[in-house]
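**Q** For reference, the chains in residue letters:
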Amino acid sequence: MIDAATLYGLCAALLVGGGVYALIVNPQPLRKIVAFNVIGNGVFVLFGAIAHRGAGFGWGGDPVPQALLITGLVVAFCATALAVALLLRLFDEAGSATLAPDARPPAAPEAGAGER
Amino acid sequence: MTDAINCGLAILILALAAWTIVARDTFSAVVGFVAYGLLLALVWVQLHGVDVALTEAALGSGLTGALLLYAAARLRATEREARAERPGLPTRVAAALVAACVTVALGIAVLALPDPAPTLAPQTAASIATTGVGNPLTAVLVAFRAMDTLLEAIVVLFALIGVWSLAPDRFWGGRPGTLHHSDPDGVLAYFARVLPPIGVVVGVYIFWVGADFPGGKFQGATLLAAMWLLAVIAGLADTPPIGRTWLRAALVAGPVVFLAVGAAGVAFAGAFLGYPDGYAKPLIKVIEWALFPSLALTLALIVAGAPQRSAP
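Chains as they are written, first to last, in this note's numbering: chain A, 1 to 116; chain B, 1 to 312.
Among these hints, one or two may not hold up.
What follows is a set of in silico ranges between Cβ atoms, one per label pair, in the way DEER data are often shown [said to hold, decoys possible]:
(1) B:Tyr279 with A:Gly58: 22 to 32 Å
(2) B:Pro114 with A:Gly58: 15 to 25 Å
(3) B:Thr2 with A:Gly58: 11 to 21 Å
(4) B:Trp208 with A:Gly95: 47 to 57 Å
(5) A:Gly95 with B:Pro116: 53 to 63 Å
(6) B:Pro276 with A:Gly58: 22 to 32 Å
(7) A:Gly58 with B:Met1: 15 to 25 Å
(8) A:Gly60 with B:Ser310: 43 to 53 Å
(9) B:Phe191 with A:Gly60: 28 to 38 Å
(10) A:Gly95 with B:Tyr279: 55 to 65 Å
(11) B:Ser310 with A:Gly95: 18 to 28 Å
(12) A:Ile2 with B:Trp246: 25 to 35 Å
These aren't lab readings, by the way, just hints derived from the structure by calculation. Quick caveat: nothing in here was measured; it's all calculated off a predicted structure. Where a beta carbon is used, it is the ideal one built from N, C-alpha and C, also for glycine.
Just need the whole structure built from these sequences, with the hints factored in.
**A** Set out below in structure tokens:
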């Protein structure tokens, strides 16, 4: 049986891959923010698995990367909050939350001609 | 037994992550993300990072989840329009290829990790006695890598300033969020009355024991923020206008004390954020006590969002 660090390390690789796919494919900006968080979680779990490999002195993991992970989680939360606030402001101003370059609010009717 | 738990957890995590990626509706995807975050906290326990597990459950899943759920509910009207923008098959195949390459590269890196693993645990163990705290993570956060934590406290503050700066001009200085009303005899109002006393005690406890056991200011502050937000959502409390001087003073108090202790280190210990011999533990306590209320307030106001109402 493989050890926990390797198992979760591989799990983290899949999370990052899945997040990258979702980031490209999902058109909704909020889904992209969630996808970015999934990528971040993958990176954190990978880092946590590496920290677990450095266990010693009665601790279950290397405390330095674990402390950096707490910092990382807090900063990831801040970045997510800022992204969500930007998105909500975009929605309030434009009435839609699309990132498509040719989509404009109804004020410019001719812009809709080239849409898929 | 442990192997079975680990495999089961890994499968559940990957299944829930897949759900957040493929679910049609953004709201359902976000609900999946919250459940996934809670399970991720169990992964941290399995990886022996109980402090990280507490942070993940409170912040990564809890506050982030609240933020995303609120946004998903507000953006619900844009769902139909967004689905029409879903990229065609070639883009999706290309995205899958890119994702597969990233996964395979990371997987190879995981399997090729050096053995024995590099670790800073011996250095931490050798120096932890000089700080007077028992929890190695607290020692790293507030003593050995105090610079990271100082910058982090400032990043949290900057994030709040960033969120506030997105307010329309007419609401600048006003109250964040909409005014919430709920049935005063309803379940939400009931929970908002019963939970906060318990949550506040648990939050302060987690902060208090953080010096020697898993816990700390970030986890405790997140719990306090969540309790206050619960009261706000139930309509039992209201957000303060962001123009208030006391509010701004409370927000910057933590980072300012941290900076002051750091600057004092230049004079008394010969280095920025250095602690003189024998004073490490009291100074760490001062920093933690100053950061705790500021962090709780900042995190809560970040979730509350940009001002949306004029001050009365």
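**Q** Does each hint hold? Answer for all of them.
**A** Structure-based check of all given hints:
1. For the hinted restraint 22 to 32 Å between tyrosine 279 of chain B and glycine 58 of chain A, the CB-CB distance of approximately 27 Å keeps it satisfied.
2. A beta carbon spacing of about 23 Å between proline 114 of chain B and glycine 58 of chain A agrees with the range 15 to 25 Å that was offered as a hint.
3. Between threonine 2 of chain B and glycine 58 of chain A the beta carbon distance is about 19 Å. The supplied range of 11 to 21 Å therefore holds.
4. Taking the beta carbon of each, tryptophan 208 of chain B and glycine 95 of chain A are about 48 Å apart, inside 47 to 57 Å as hinted.
5. For glycine 95 of chain A and proline 116 of chain B, the Cβ-Cβ distance of about 58 Å falls inside the hinted range of 53 to 63 Å, so the restraint holds.
6. One distance hint, 22 to 32 Å for the beta-carbon pair proline 276 of chain B and glycine 58 of chain A, holds here, with the actual separation near 29 Å.
7. Between glycine 58 of chain A and methionine 1 of chain B the beta carbons are some 22 Å apart, a value that agrees with the proposed interval 15 to 25 Å.
8. At roughly 52 Å, the beta carbons of glycine 60 of chain A and serine 310 of chain B sit within the given window of 43 to 53 Å.
9. Checking the proposed 28 to 38 Å range against phenylalanine 191 of chain B and glycine 60 of chain A shows it holds: the Cβ atoms sit about 35 Å from each other.
10. A beta carbon spacing of about 58 Å between glycine 95 of chain A and tyrosine 279 of chain B agrees with the range 55 to 65 Å that was offered as a hint.
11. The hinted range of 18 to 28 Å is satisfied by serine 310 of chain B and glycine 95 of chain A, whose Cβ atoms lie roughly 22 Å apart.
12. A hinted range of 25 to 35 Å is violated for the C-beta pair isoleucine 2 of chain A and tryptophan 246 of chain B, which are about 55 Å apart.
In summary, the structure is inconsistent with hint 12 from the numbered list given earlier, while agreeing with all the others.
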